[in-house]
Amino acid sequence: MSATTNPLLEAKGITKYFGTITALENVNLKVHAGECLGVVGDNGAGKSTLMKVLSGLYKPSAGSLFFQGKEEILESPRDSQNLGLEMVYQDLALAGNLPIGENIFLGREPTKNLGFLKLLDFSKIKELTNAHLDKLKINVKSADQKVEELSGGQRQAVAIARSTAFNAKVVIMDEPTAALAIKEVGKVLDLINSLKKTGVGVIVISHRMDDIFTVCDRVMALFQGTNFAEANLSSTSRDEVIGWIMGKK
Amino acid sequence: MEDKDKKIVSLHLKLMPYLEKYGILLLLVIMILVMHILQPDVFLSWRNVTNVFKQISWQSMLALGVFMVIVTAGIDLSVGSIMMLSLMILAVVAKAGAPWYIVVITPLIAGFLCGLFNGLGITLLRMPHPFIMTLGTLYIFRGTGNLISGGTPISGFTDEVRYLGHGRIDLQWLGLEKSQYLPVSLVLIAIVYIIFWIFLNHSKTGKWIYAIGGNPNAARASGINVNKILVIVYSLCGFLSGIGALILAGRTDSGYPNAGLQSELDAIAACIIGGASFFGGRGTVLGVFAGVMIMGILRNGLNLMDVSSFWQQVLIGSIIVLAVYVDVLRRDLGTRK
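Residue numbers (our numbering), protein chains in the order written: chain A, 1 to 249; chain B, 250 to 586.
What the hints contain is simulated information worked out from the structure, not anything from laboratory work.
It should be emphasised that the depicted structure is a prediction, and the values quoted were computed from it without experimental measurement.
Each residue gets a CB set at the ideal place from its N, CA and C atoms; glycine is no exception.
Hints may be right or wrong, so weigh each one.
Computed, partial: chain A to chain B, Cβ under 7 Å [what the hints assert, rightly or not]:
1) 77
2) 78
3) 96
4) 106
5) 109
Computed list of chain A residues with no C-beta within reach of chain B, every gap over 10 Å [as the list claims (entries may be wrong)]:
6) 15
7) 62
8) 72
9) 73
Work out the full structure: start from the sequences and follow the hints.
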């Protein structure tokens, strides 16, 4: 967390155009191990675009990403996952027609060999899923339940479980509490705190000042696609951060 | 009273997954029973049953291919034309005097390449919907088939070439009569369907095909190369149409310009009757098989009863609408309100 250690993830001068629209212009961001960075900004400020750049879903028009001090070019989300960079999307990015376990392991399914055939190991998927859900204290009826049968809160929990199932080093969460019941918000925030303790760098995008001021160590504001302000949580206030969101310093 | 209601509700929630999985088989069994009652002497006779399987043999290949495409929330309108083009290439190669093992493999390669062409067109040319690409190739492939054959039928293949579509497996060693044989095409259907069942349900690629249909963004975010999977799916669909061409070559002993005309619609109909969803991500291989069987039995049964083919069209159309409506009702029951 101290400024002397290298950041786990650093983005420098990220710019992203969509046709004639400039979504991001020269944006910088860094997050250290065990630190939680809050990213705030109004709708359309470029928060989600920035996160999609970090996760490799969008390629930046300009700028570079450094992971543990080394420059990385992300061609796809698979690249960022391989580095230990996981994303929890606002739209959750779950396949409703598949069960919980298969969603958690989607794209990284454990297999077993049957002669020359590589078949999915469903019992292992189930076993690992149950163990992981237990660890995170997430309650669902069964790992075989289809995601489309779950409540919004349960889906968010599955999405977070998915992001942390593979020893992530940085977890990016886009509005992780937006669709949750109040009881479930506390659980998600607890989860973020315990991730920090294990040395994971967490980036949280949120509109909710309560979230930011409960779990974050540092907060940065985007305004119209640019860096607007940044401060340690201890040296700012809710009112100031809300002002940043609206473009007032 | 409330408790009783709850019990009923929980019972139907428990039954729902089974109904969703096997409901279509129930419909198939009912159809078979009805046909048996209407035509007790003929319908379930060895001769007629094998006949049904021979009739559905090549359609079942097209339907399976189209099914995989529909699972990805796509559509392939070109399967009939792929089959016709593959058949024509087979016929031309056979007439040129190529050895049988070359002749047999050409429709498979041709079908695969046609499917690859579809897949690359959809992904590389970024077509707004597979409907457009495959509508285009529906014309392109059939036109090409007519160009290479001159638009006239080419007939007469060797027994080896005709084996898959026309071959018989003798069962006299089981003490059965000579007329009670097993069509090779039936064995082929079973093998191909089992292979694709394993592929779709037990391989990573198969799981990803369902994931793409369920939520392509989720698949992409999971690091799955969606375009690559789509190219594989359309190529396999073309390959299955190529197998269809090989079967048809055996059955008809001829490559003819009208082969597979409108059979893409039959294939889509079989998938829909079998419970596949146009929105993607839903449906089973078993369901497709049932869908193909239902269409085959309907046609066969109506032929046995001397119903005009015009009425057959009306009935098949009605069954499509009815099957999907039953599905809508089933989903209504399945969701808690």
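Okay, the hints, checked on the actual structure:
no., hint, result
1, 77, "holds, 5 Å"
2, 78, "holds, 3 Å"
3, 96, "holds, 6 Å"
4, 106, "holds, 4 Å"
5, 109, "holds, 5 Å"
6, 15, "holds, 23 Å"
7, 62, "holds, 23 Å"
8, 72, "holds, 15 Å"
9, 73, "holds, 15 Å"
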